[in-house]
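There are 2 protein chains.
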Amino acid sequence: MKRYRNGEVWDFEHEVAVAANRPVILGLDGGTTSTVCICMPVMPSSDSLPDPLPVLARAIAGCSNHNSVGETAARETLEQVMADALSKSGSNRSAVRAVCLAVSGVNHPTDQQRILTWLREMFPSHVKLYVQNDAVAALASGTMGKLHGCVLIAGTGTIAYGFTEDGREARAAGAGPVLGDWGSGYGIAAQALTAVIRAHDGRGPHTMLKSAILQTLNLSSADELIGWTYADPSWARIAALVPVVVSCAEAGDEVANKILKEAVQELALSVKAVVQRLGLCGEDGKNSFPLVMVGGVLEANQRWDIGREVMDFISKEYPGALAIRPKVEPAVGAALLAWNEFMKEYLQEAYRR
Amino acid sequence: MKRYRNGEVWDFEHEVAVAANRPVILGLDGGTTSTVCICMPVMPSSDSLPDPLPVLARAIAGCSNHNSVGETAARETLEQVMADALSKSGSNRSAVRAVCLAVSGVNHPTDQQRILTWLREMFPSHVKLYVQNDAVAALASGTMGKLHGCVLIAGTGTIAYGFTEDGREARAAGAGPVLGDWGSGYGIAAQALTAVIRAHDGRGPHTMLKSAILQTLNLSSADELIGWTYADPSWARIAALVPVVVSCAEAGDEVANKILKEAVQELALSVKAVVQRLGLCGEDGKNSFPLVMVGGVLEANQRWDIGREVMDFISKEYPGALAIRPKVEPAVGAALLAWNEFMKEYLQEAYRR
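Protein chains in written order, with our numbering: chain X, 1 to 353; chain D, 1 to 353.
Please note that a few of the clues may not be correct.
As the list claims (entries may be wrong) - Coverage of chain X stretches by chain D, computed from C-beta distances (three or more under 8 angstroms per stretch; other residues unrestricted):
#	region
1	175–187
2	198–208
3	215–225
4	228–239
5	315–321
I should point out that these hints are in silico values taken from the structure, not numbers from a laboratory.
Just so you know, even glycine gets a beta-carbon here, dropped at the ideal spot from N, CA and C.
Please put together the full structure from these sequences, using the hints given.
Here it is in structure tokens:
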């Protein structure tokens with residue numbers, strides 16, 4: 001990504017010859033490691049989507065979580081990545097009809113309002129703006145832009161997020177490792193590290209996690225795990241141990257199996273909490289609804305398949321849950337969401353005239 | 001504390017008239033918030049200790065945990081606080097017979113060796129040097145310098161540490177919040193915060209912890225807890241919520257009671273692991289041994305007394321466990337330990353001559 005000095009971000013709008021004034025949509029997915037922006041043309045109808053989707057440009061930048069990098073840096077990153085995507089697609093801000101910005105760290109209406117305020121300054125007043133938690137983009141990537149159903153994300157962190165067709169929303173988990181996201185990759189790996197320490201100091205049963213983890217980290221004793229753990233506060237570095245836990249569980253280690261089974265229950269519980277609060281399953285518990293499943297923890301294609309176990313758990317309670325593994329990335333989900341919402345409002349306005 | 005430029009730390013040794021060349025001992029307790037150094041005269045016999053103990057000087061400085069502030073800063077702080085204590089007591093390094101440096105962050109023989117190496121450069125070669133984890137100073141503060149028995153510390157963090165009379169040692173827990181120190185103040189408070197989030201998003205039962213914690217932190221909704229939690233990485237800030245959990249448990253809240261009961265079991269389990277591994281209780285499990293109990297979590301003088309519950313738990317298994325609440329601070333324990341070890345080696349050398 002190019003770096004511009006203050007104010008130069010949008011200079012390309014005067015420099016390049018802008019292609020036919022084709023209306024476009026921007027979708028952004030801002031996670032804790034990177035931010036992706038997708039530019040798509042406004043498609044005439046939402047009845048059937050073209051396959052493949054007509055993506056005009058894709059731009060990528062660093063972290064845009066304001067909790068992690070601060071307000072100013074987050075804003076700069078988001079502005080830059082949108083400018084890059086528009087520039088790459090030979091378009092500019094006057095062609096934009098709607099923007100959906102789905103970023104991690106949006107946990108409260110005040111977060112949403114703060115981002116909307118400065119996003120408003122950036123675009124003409126007729127542009128439709130939507131600010132959401134990044135989980136919402138993941139949901140939309142499975143439902144092709146429709147805000148209906150539940151998404152379960154389990155990567156380094158975990159969250160369940162859902163919407164009813166009439167716009168009510170609910171979430172569960174997603175509060176980070178200190179606040180009990182035990183089904184996350186970080187949660188699974190931290191439990192495994194804890195089991196190693198407990199086996200080592202006599203508080204817990206023997207487990208093959210000890211030799212497997214020490215070997216993976218190239219450490220010679222469990223005491224050295226303490227120094228390793230606190231040397232770097234990155235949650236992703238700890239979560240990277242999940243495959244070791246899965247291997248030990250597959251090899252029959254009881255401690256590793258217990259950790260994974262508890263993670264499955266935790267993940268299923270998050271989905272259940274959202275489904276119950278929104279009544280997605282209907283009064284008889286049998287209504288069908290999309291359940292989008294995303295993230296490294298749910299994608300392990302090994303014998304011990306966490307995603308499948310979670311789905312089995314949920315299907316028993318809610319036979320109408322339709323598991324969806326998205327085929328497009330979350331930023332495309334965000335763009336489809338912006339387009340969907342834009343079309344809805346556009347048609348409503350046309351109807352009123 | 002005065003701040004000296006490099007190399008000036010020991011200047012006072014030439015500047016002040018040094019009192020009678022009375023042999024002295026230094027004891028240091030280096031925790032994660034502060035470092036205390038005590039200077040005591042060498043007492044002639046270890047049979048009966050004078051009451052009060054003849055403390056010549058006490059100096060205090062900041063954090064000296066090398067994991068937290070780095071090697072150089074830790075060394076500077078330790079050197080400075082020793083110089084201050086000697087200067088205050090009108091003494092100097094030539095009068096020192098033994099030093100016990102008990103600092104947090106000593107988890108491995110390599111940590112110990114690194115600190116010993118630079119401590120060696122600071123003192124004449126005949127000075128006896130001992131480097132220990134800070135838990136050892138807490139044990140010695142209860143046993144008046146003898147390395148025998150078990151200490152349980154539960155403040156922001158928790159650790160159990162024990163020694164047999166013939167010098168074997170063992171520890172349990174003390175691996176920090178990521179690695180499962182669930183009985184610590186941080187562990188108790190993090191479980192309570194988690195319970196609030198789970199009650200709020202429908203994953204857990206209702207609990208009065210929610211209103212109690214939100215009121216204490218001056219927040220209006222549970223969603224705001226996420227921002228509060230990650231705004232500051234200090235473990236002590238989270239652990240400060242323990243009294244709120246105790247109050248809710250006393251008022252009959254089931255969730256708070258469960259958290260405290262589990263913490264009691266975790267703390268007792270740490271002690272049990274150390275006692276078992278060292279055989280402190282003898283073969284019939286009834287031998288007597290000192291059990292020193294230290295730290296804010298164990299000192300709550302409320303109706304829900306965590307320390308008493310832990311002791312009840314341990315007494316059932318080990319009727320010979322003698323609970324001790326130290327009357328002197330850990331730095332005095334470190335000084336007594338240095339003095340004790342020095343006397344032992346001194347008598348052995350005298351015997352050989």
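Quiz prompt | 8 angstroms C-beta criterion, at least three residues: is the region 175–187 of chain X covered by chain D | solution = Coverage by chain D holds for the region 175–187 of chain X (6 residues, Cβ < 8 angstroms).
Practice problem: Quick one: see if chain D covers the region 215–225 of chain X, three-plus residues with Cβ-Cβ under 8 angstroms. | Solution: holds (count 4)
Quiz prompt | Residues of the region 228–239 of chain X with Cβ under 8 angstroms from chain D, three needed, outcome | solution = holds (count 4)
Practice problem: Verify the coverage statement for the region 198–208 of chain X against chain D, using a C-beta to C-beta distance below 8 angstroms and requiring 3 or more qualifying residues. | Solution: holds (count 4)
Quiz item: Does the region 315–321 of chain X contain three or more residues whose Cβ lies closer than 8 angstroms to a Cβ of chain D?
Solution: violated (count 0)
Hint compliance for this structure: hint 5 alone is broken.
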